[in-house]
Amino acid sequence: MAQTLLRLEDLHTQFFTGRGVVKAVDGVSLHIDVGETLGIVGESGCGKTITALSVLRLVPEPGKIVSGKIEFRGQDVTKMDDEEIRDFRGNDVAMIFQDPMTSLNPVTKVGFQIEEAMTAHNRFSSSAAKSRVIELLKRVRVPAAESRVKDYPHQFSGGMRQRAMIAMGLANEPSLLIADEPTTALDVTVQAQIIQLMKQLNRELGTAMMLITHNMALVASLCQRVVVMYAGRVVEEGPVEQIFTSPQHPYTWSLLRSVPRVDEARKDRLVSIRGLPPDLVNPPPGCKFHPRCPFVIDRCRVEPEPPLEQVATNQVARCWVLMSNVKEEDIAAAKTSALSLDAAKILKQDLAVAPVDEVPSNAGN
Amino acid sequence: MAVTAGAPLRRGVLPFIAWRPKGRTATLAVYIVRRLLWMIPVLFFVIVITFFLMHQAPGGPWDREGRQLSPAVVNNLNIKYGLDKPEWQQFLLYVWGAAHFDFGDSLQSPGQHVSTLLLESWPYTFTLGAATFLLLVPIGVGLGVIAALRQNSWADYTALGMATVFASTPNFVVGILLIIVFAIGLNKLTGGNFYLPTGGLPEPYNPFQVQLLMPVFTLGALPTAYIARLTRASTLETLRQDFVRTAWAKGLKGRLVVTRHVLKNSLIPVVTALGPTFAFLITGSFIVETLFSIPGIGRSFVTSIESRDYTMILGTTLLFAVLIALVNLVVDVLYVFIDPRVRLSD
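Order-wise, the sequence lines are chains A and Y. Just so you know, we're using the numbering used here here: the first sequence kicks off at 1 and counts up by one. Just so you know, we're using the numbering used here here: the second sequence kicks off at 1 and counts up by one.
Only chain Y is shown next, with the shape it has when bound in the complex:
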């Protein structure tokens, strides 16, 4: 019949287009592969925007304060790093290199690959960010849930008050206060052992040692407060839902009403917010890394921008873009498992 004629024909002519994998796992795998492939054009545009914006900025990598380099030296450096070529050629060369995972040499650290530098500094940032995240989730979500379940009690007011204070205090204030109180004021008590000395990292490096406490607190205070407030609002809203009343009317125990019916729903928006928060944490904070002398990527990124270290800027931006895209992908996939209403479209 005319109605059914189309499908077998299309399948016959273009079998690879009509082919669709079957089953949930296969759909998920196809979805993930598609999203990963989509990252290629995304990263390309990230390069386009970063590259041309960066070159728009006045000054260049060889400008110095006070005594300038001689024109001959600058010329040689430009030739060495290909900066003598027209901008579009430089751009194409960079894209070509990036496609082969060659992100060039740093302009300010001669002879060092950008990828090597990033791989050296990012682990510090990542461990700090991940440690912060591991504390942030239970504390932020826990405070939010407790505040919501005991709305208008002293626990609620305390949690909400703390969240409001930390959500509105910039991290440089928190960090400096911590340093003043613990590292300077209580120096005798702590032996100055609350943050990394400017001399460098102790060997072997252990991310979970006590030195991380202050930077973790400084980095995590604001996002924890934000997550706590979000969790509280979301849980309060869910508590008023009809299906929660249904759960009570069934005679369920309070604990089950909260875990099975309230939290399973109220934490969905929290998971959505945790994704970008994680991305924010593992891409480093210039202020926290500077205050606590952590040789991480957040600090090196700002330094590279100041010194017009073009390849470092591009490399770091690309790393951030990849991290954010991956985190978003993880959140989207997680969504399928926590909310049955979400379907992956193929």
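Extracted from the complex, chain A is given alone in its bound form:
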């Protein structure tokens, strides 16, 4: 058994706005083992980033961790005092943010910003920190690292800035690196380089990684395990191959269907998940995904939200229906229509009259 590094238990993080209480993270439980890479996927606004920020207790105002446990190596992060949490951030758990263009201080030298991450903690002496900056930049493959340390962020390209951010994250050799959409703001070729780099670092340093993304391809190439989140809840969790080959929650299925895959014939349409993630002030009753679900049954609307139940070895899902119980023809219908099953049935009748050309579109953003 691998040793558990981080465990979230029934975490609730809420935002107290004028409109009402937004339940951004609504009872999330998950864990990461030492050296493991966990992917957290879901659309924008489903609570992925807030979950990550909760781990570092950096939830912005007016947000608050309301209840739940965040255990890191057995210590509850939510109960740490100011000095403990400060020393925890960047030292035990480091975080890389989405947009490298705005995540670096524009008026401070890049080298100093990395050095500062080390001098904030006691792992390296200030002279060791200085020399380690170049070493770190070399490790994340910044060319001419010796001279780039004296550069300012505006002299770095987007990819280079994200490398610098990763170097900063790795500075204190944290046991967990949280990467929040690390490649979203970068162009495709640079994305591939960054992914390659993160993969290698995880292998070489044994740093556990929590990868937050809506990019399924990124999850497939980097992660061992996946947590799928929807409306602040975990809806499915399991090993990455299992989730990709037999997703059980319709939401996971839709997410996977919404991106093109190289390894499949192009006979299938891309499925767009219609509508938007629910309003987290007033979530729908029953299963929160039911208004958008292509395989919705009455039970989903009427009964309280289904619990997370074991659906296969190491795989859990929160669904009454489960994809393994959906008939082939219904799946085919959902695929062709890219709409809900009800709408698809109506559409099927219409199809007899006139062919409808549906433009495939991407879910997520």
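Derived from the structure by calculation, the hints contain no laboratory data. One thing to keep in mind: the hints can contain errors.
What the hints assert, rightly or not - Derived DSS-like pairs (lysine-lysine); straight-line CA-CA distance at most 30 Å:
#1 A:Lys79 / A:Lys69
#2 Y:Lys80 / A:Lys150
#3 A:Lys199 / A:Lys130
#4 A:Lys150 / A:Lys109
#5 A:Lys64 / A:Lys23
#6 A:Lys199 / A:Lys109
#7 A:Lys79 / A:Lys130
#8 Y:Lys80 / A:Lys79
#9 A:Lys138 / A:Lys150
#10 Y:Lys253 / A:Lys69
#11 Y:Lys80 / A:Lys64
#12 A:Lys150 / Y:Lys253
#13 Y:Lys253 / Y:Lys264
#14 A:Lys138 / Y:Lys264
#15 A:Lys79 / A:Lys109
#16 A:Lys138 / A:Lys199
#17 A:Lys109 / A:Lys23
#18 Y:Lys85 / A:Lys109
#19 A:Lys130 / Y:Lys264
#20 Y:Lys253 / A:Lys130
#21 Y:Lys80 / A:Lys109
#22 A:Lys64 / Y:Lys264
#23 A:Lys150 / A:Lys130
#24 A:Lys109 / A:Lys130
#25 Y:Lys80 / A:Lys138
#26 A:Lys150 / A:Lys199
#27 A:Lys79 / A:Lys64
Nothing here was measured: the structure is a model prediction, and the numbers come from that model.
For chain A, the structure is supplied; the task is to place chain Y on it using the hints.
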């Protein structure tokens, strides 16, 4: 090759044009010299505009209320000061003189050079303005930063409330209230010692004595409030930036997050605003100088306009133009040091 042929050729033909100094200090020096040279055409146009606008104004320097000077006297005065010549000749003569740092004699203070008068009165204005500025920067910036860091606390509301009151109260109201309260109401307590008596300045003159407190407050209340509000807004905006979150995520101490990451960025626009504020303060305020009987340049400027003292008007305007241009230059150079993204173009 064709691509590289141009450069050595140009350097060979016109070596002084192709020559560029190397290094940061040299670039800076060249930049400053260029900006100083640019002041010459700027000042020329300041003279053009002031000169002709001034002569458009009705009346002249010899007009008096009640009994007028006799035409013969006016004629003699006009000849003495060259006002009998056509306007364009007067203009050229003035520009020629100004180019030789001769700004003529004051029309209303016979026998006194404009430059002498300005050098006599400006130090009073400058010391008042500089003293105000020295208090304004720490108070305005400090209040703004504290208000931003403690947003929505009582400290924020107090600072913001005071800033709003002072930003919207004209200085003649502030000044007169101060006089009523301190100089008249509390006269027994203060011995009337809170402002300069109309009789003149005490000798030797010390700008930092207590007499300056009231004029400094009157002059500085509004710009301090303005700077405080600007600092607060700018700091609040910076606090929400991604790189500040990065700094917290690194585990930096709060004090370092604020000084290294927040303030280093949020104070850049404040420095930009402080330049014009300084220029405003050291060019004097007619109201403050009149209320507190300070023989400064702000008062003499308004008086010279009223009495159509043409040479004084031109001289004062030129002095103001030079001061403002210099302050702007200082701010632009400072920018290079506080914001690495700013590059001087040569």
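Here's how the hints hold up against the structure:
no. : hint                : result
1   : A:Lys79 / A:Lys69   : holds, 9 Å
2   : Y:Lys80 / A:Lys150  : violated, 66 Å
3   : A:Lys199 / A:Lys130 : holds, 26 Å
4   : A:Lys150 / A:Lys109 : holds, 6 Å
5   : A:Lys64 / A:Lys23   : holds, 10 Å
6   : A:Lys199 / A:Lys109 : holds, 27 Å
7   : A:Lys79 / A:Lys130  : violated, 33 Å
8   : Y:Lys80 / A:Lys79   : violated, 88 Å
9   : A:Lys138 / A:Lys150 : holds, 14 Å
10  : Y:Lys253 / A:Lys69  : holds, 25 Å
11  : Y:Lys80 / A:Lys64   : violated, 81 Å
12  : A:Lys150 / Y:Lys253 : holds, 23 Å
13  : Y:Lys253 / Y:Lys264 : holds, 16 Å
14  : A:Lys138 / Y:Lys264 : holds, 28 Å
15  : A:Lys79 / A:Lys109  : violated, 35 Å
16  : A:Lys138 / A:Lys199 : holds, 16 Å
17  : A:Lys109 / A:Lys23  : violated, 39 Å
18  : Y:Lys85 / A:Lys109  : violated, 63 Å
19  : A:Lys130 / Y:Lys264 : holds, 22 Å
20  : Y:Lys253 / A:Lys130 : holds, 19 Å
21  : Y:Lys80 / A:Lys109  : violated, 65 Å
22  : A:Lys64 / Y:Lys264  : holds, 29 Å
23  : A:Lys150 / A:Lys130 : holds, 12 Å
24  : A:Lys109 / A:Lys130 : holds, 13 Å
25  : Y:Lys80 / A:Lys138  : violated, 80 Å
26  : A:Lys150 / A:Lys199 : holds, 28 Å
27  : A:Lys79 / A:Lys64   : holds, 14 Å
Hint compliance for this structure: hints 2, 7, 8, 11, 15, 17, 18, 21, 25 are not met, and every other hint is.
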